[in-house]
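Please build the complete structure, drawing on both the sequences and the hints.
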Amino acid sequence: MDALQVLKEQYGFTDDELEYAVNRAKGILMGFAMEYRARLVLKSMNFINIKSVDLPTHDIEAERDGNKYFVEVKATKRSPTKEYSAYKLAMIAKLTGTHLTLLMTPKPNLLVTEEVLSEPKKVLLNFFRLALNNKTDELKKFLEDEKNKKIIQSYDKVILSTLHEKIEAMST
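Per the working numbering, residue -15 is the first one in the sequence shown, and the count goes up by one each step.
Incorrect hints may appear among the rest.
In the BS3-like style, the derived pairs of lysine-lysine whose C-alpha atoms are separated by at most 30 Å in a straight line are [as the list claims (entries may be wrong)]: (1) 35 to 124; (2) 106 to 35; (3) 66 to 91; (4) 35 to 10; (5) 72 to 124.
In case anyone wonders, no lab produced these hints; they're calculated from the structure.
Structure below.
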């Protein structure tokens, strides 16, 4: 017996009510189905300890060859990292492991997120990694590059916000 038939029998829902509910929930259902498919894809790629998470930075955490990976699952034909905001990049920089983007359409393709970011987003991600990990000397050298400096200056609000959070965390 399928799930809709169970809902019909247990709760007395009509076909119209169930059709309405399914139409409203299509995006949610697709997301969970895609996540399940992604877990199977990762398993076929020899990842282990695969677990679903509901975080702004990623959908799945997994391990392979002793390394931890954070996987964002995408079912889009557009640029997979186009909507990665500066705030999301700051959160990704805090992760201890490799962030991956798993494109599910038209066929599964696993990419290192940093490699598919636009140049400004790569610069910003690297800046956050250096700043949040207290790599002061490397950060100074990074900012000596005028191109990097110019890009970073265009993200001043998110940088101030992120570093303020770090300072607050350090003082408690």
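Among all the numbered hints in the text so far, which are the ones the structure does not match?
-> 1
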